[in-house]
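Read left to right, the sequence shown gives residues 6 to 677 (the working numbering).
Honestly, the hints are just simulated from the structure, not real lab data. All values derive from a computational prediction rather than experimental measurement. It cannot be assumed that every hint is accurate.
Per label pair, the in silico range of CB-to-CB distance [claimed, not checked]:
{"no.": "1", "residue 1": "E359", "residue 2": "Y388", "range": "38 to 44 Å"}
{"no.": "2", "residue 1": "F398", "residue 2": "V653", "range": "56 to 62 Å"}
{"no.": "3", "residue 1": "T392", "residue 2": "V590", "range": "29 to 35 Å"}
{"no.": "4", "residue 1": "A384", "residue 2": "P362", "range": "31 to 37 Å"}
{"no.": "5", "residue 1": "Y388", "residue 2": "R418", "range": "21 to 27 Å"}
All C-beta atoms in this analysis are idealised placements derived from N, C-alpha and C, irrespective of residue type, glycine included.
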Amino acid sequence: MSEPEREDGLKASIDEQRGAREAERLETPRYAMPEGVTRQLVAVIAICFAAFQLYTAAFGLYEQYIQRSVHLAFGLALVALTFRFRGRGGRLSRAPGILDWLYFGACLFASLWVVYDYDRLMERIFFVDPLSYGDYAAGILLILVVLEACRRTVSWELSLLSLAFLAYGYWGQFMSGDFQAPPSTFTNLLENVYLSGDGILGVPLGVSASYVFLFILFGAFIMRIGLMQFLSDVSLAIAGGTTGGPAKVAVLCSAFFGTLSGSGIANAITTGSFTIPLMKRVGYPGHFAAGVEATSSMGGNIMPPVMGAAAFVMADLLGIDYLQVVVAAIIPAALYFFGVGTMVHFEALRRGLERLPRNQLPRLWPTFLHGWYLLLPVAVLMYFLTTGWSVTFSGLMATLSTIPVSWVRKESRITPRRLYEILEFGAITALPVIAAVAVVGIIIGVIAHTGLAVKLAFAIVNFSQGSLFVTLILAMIASLVLGLGLPTTPTYIIVAALTAPALIQYGLDPITAHFFVFYYGILADITPPTAIASYALAGIANANPKRTMMAACMIALAGYIVPFVFAFEPAMLDPFLRKEGASFVALLSSVFSAAVGIGMLSMALIGWMRMAMSKAERLALGAGALFLCAPEITSDLIGVGTLAAVFVVQSVRKARLPAGAAAAARSDPDDR
Numbered sequence: 006m007s008e009p010e011r012e013d014g015l016k017a018s019i020d021e022q023r024g025a026r027e028a029e030r031l032e033t034p035r036y037a038m039p040e041g042v043t044r045q046l047v048a049v050i051a052i053c054f055a056a057f058q059l060y061t062a063a064f065g066l067y068e069q070y071i072q073r074s075v076h077l078a079f080g081l082a083l084v085a086l087t088f089r090f091r092g093r094g095g096r097l098s099r100a101p102g103i104l105d106w107l108y109f110g111a112c113l114f115a116s117l118w119v120v121y122d123y124d125r126l127m128e129r130i131f132f133v134d135p136l137s138y139g140d141y142a143a144g145i146l147l148i149l150v151v152l153e154a155c156r157r158t159v160s161w162e163l164s165l166l167s168l169a170f171l172a173y174g175y176w177g178q179f180m181s182g183d184f185q186a187p188p189s190t191f192t193n194l195l196e197n198v199y200l201s202g203d204g205i206l207g208v209p210l211g212v213s214a215s216y217v218f219l220f221i222l223f224g225a226f227i228m229r230i231g232l233m234q235f236l237s238d239v240s241l242a243i244a245g246g247t248t249g250g251p252a253k254v255a256v257l258c259s260a261f262f263g264t265l266s267g268s269g270i271a272n273a274i275t276t277g278s279f280t281i282p283l284m285k286r287v288g289y290p291g292h293f294a295a296g297v298e299a300t301s302s303m304g305g306n307i308m309p310p311v312m313g314a315a316a317f318v319m320a321d322l323l324g325i326d327y328l329q330v331v332v333a334a335i336i337p338a339a340l341y342f343f344g345v346g347t348m349v350h351f352e353a354l355r356r357g358l359e360r361l362p363r364n365q366l367p368r369l370w371p372t373f374l375h376g377w378y379l380l381l382p383v384a385v386l387m388y389f390l391t392t393g394w395s396v397t398f399s400g401l402m403a404t405l406s407t408i409p410v411s412w413v414r415k416e417s418r419i420t421p422r423r424l425y426e427i428l429e430f431g432a433i434t435a436l437p438v439i440a441a442v443a444v445v446g447i448i449i450g451v452i453a454h455t456g457l458a459v460k461l462a463f464a465i466v467n468f469s470q471g472s473l474f475v476t477l478i479l480a481m482i483a484s485l486v487l488g489l490g491l492p493t494t495p496t497y498i499i500v501a502a503l504t505a506p507a508l509i510q511y512g513l514d515p516i517t518a519h520f521f522v523f524y525y526g527i528l529a530d531i532t533p534p535t536a537i538a539s540y541a542l543a544g545i546a547n548a549n550p551k552r553t554m555m556a557a558c559m560i561a562l563a564g565y566i567v568p569f570v571f572a573f574e575p576a577m578l579d580p581f582l583r584k585e586g587a588s589f590v591a592l593l594s595s596v597f598s599a600a601v602g603i604g605m606l607s608m609a610l611i612g613w614m615r616m617a618m619s620k621a622e623r624l625a626l627g628a629g630a631l632f633l634c635a636p637e638i639t640s641d642l643i644g645v646g647t648l649a650a651v652f653v654v655q656s657v658r659k660a661r662l663p664a665g666a667a668a669a670a671r672s673d674p675d676d677r
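Based on the sequences and whatever the hints tell you, model everything.
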């Protein structure tokens, strides 16, 4: 073997090991339940945490600083006991050590100080009355314990990013140029990060304390009653026997599961362990199968009605009803999954993959009749959301409705013991979200303190020289870069604070601007060089991580294009035509042209329409797809004309081939 070949083999081996490690990290949570009395303490804290959230959802939230502080105290206490310090070799001890207990005490003191001294803190004049020694101690300690909680539960990268923002918040005043921060003192910075509504106890944590925890708990309940298995069976019955069926099952499962969970990584691991082997079984290569699942799973964050924590944060930041966010997400999400579906369909045609035998698949009607009642909690959720009830109360009612539904069948019944287990599981599952939104509060506090968002918005608009397209490109790049290696929720909050103002300043509607950066914050999870989801699923598929990453980017190309489409045609975010001047014809035209353009782009990238396409046909189809994405009649006609021309050429070429030759003319499956 030559030296270059050995180097390539070593590089591939390193990539595979990295992918396997990442998959193990994401599939097996980094927490571990302690043993003995501490195990019982964790259960009591977790159940009390869940009970506190359910109680406040039913009878009203406490004043915001109390609600958020208690919520954070519960979360940090559980982090201290379950995400413990690791010993030598990275092993978790069976019980918390002295450092864990010290951290536990620091978490409680720092997060509950506001509750303890609430009256004085609410009466003092911000930036005028001096801080007490207790305020200094609690504020500094809270920043440190939140950074450590994020390092333990989410990633050290996000903690380092927060430290970098803190450094800018204090030393940025000594910089020169456009990004120089205003003069400040350590005390003022601490007040902004600790005690203001823009800091750790600000909107992101408030959303977690009000809505997100309830929907995480709702997800834990519906998983227990068997809804996920029902959705998998329905997906198999619908798409399993079609061309490229297993890949379409992956798309449907991820869409259904994402509709309820809103968690990309949870979606990937839950459905990927089932769909990836199925896709490989019918002939999809491992890297493509993992790419399909990564792309589909990330789409769970944009799929109504739940959409994950980021959507709740968006509603709060925009000051609009959550239902408006859900409605705005319908058409873009449908186009995103349509793009993924067309990719897997034409890939199956190109490879000549056989369909799964119908006798090996569940039948749709019997499957639906057997488990339709499992959808009742979702119906309850939608009923309360659409009839004017608050998001908090809607989540509460949906969660409570799972209990009577579970008693329909013996195997799914939620008994008192199972109820405790679900409450505990839901509380533990919420810990990474709580840590992430708390540490992002540090970043938001620094941004508010320094005016960094205004400076960056001015720089982007100034650089774009009045071009909306250039402004969108810069916002896309900034969102993808800021989201590398970070979970969806903190990514969205950061890009919403830093890049969305530039789009709003240019003239886009706030909801359009936020949806634009929201999409790219999600796509950062499958974008090189980090691509967390791609690395995780490459390990499950036993595939090359880099090839998986590139396959996921290709399959998700519709996701990269859809935000530009609705940025130029905001009617796509108004499917019910509620805005003044909205036109059904304009909406239908934009959706139709975008869907046809996405289909053309899929055919061009895969290289198959009626038969294998030549390079010239692929280039023509790709160019025509881009014309269709532009919001003009002339460009739409050019795009449709290109599609018709390529179709005619393909039909003539296929007619001239001997019988069976078209199938034999398939391009090399790996020639791309």
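Taking the hints in turn, this is what the structure says about them:
1. E359 / Y388: 38 to 44 Å: For E359 and Y388 the Cβ distance comes to about 43 Å; the hint holds.
2. F398 / V653: 56 to 62 Å: 57 Å, holds
3. T392 / V590: 29 to 35 Å: Taking Cβ atoms as reference, T392 and V590 lie about 31 Å apart, which means the hint holds.
4. A384 / P362: 31 to 37 Å: 34 Å, holds
5. Y388 / R418: 21 to 27 Å: 24 Å, holds
Comparing the model with each numbered hint stated earlier shows that all of them hold.
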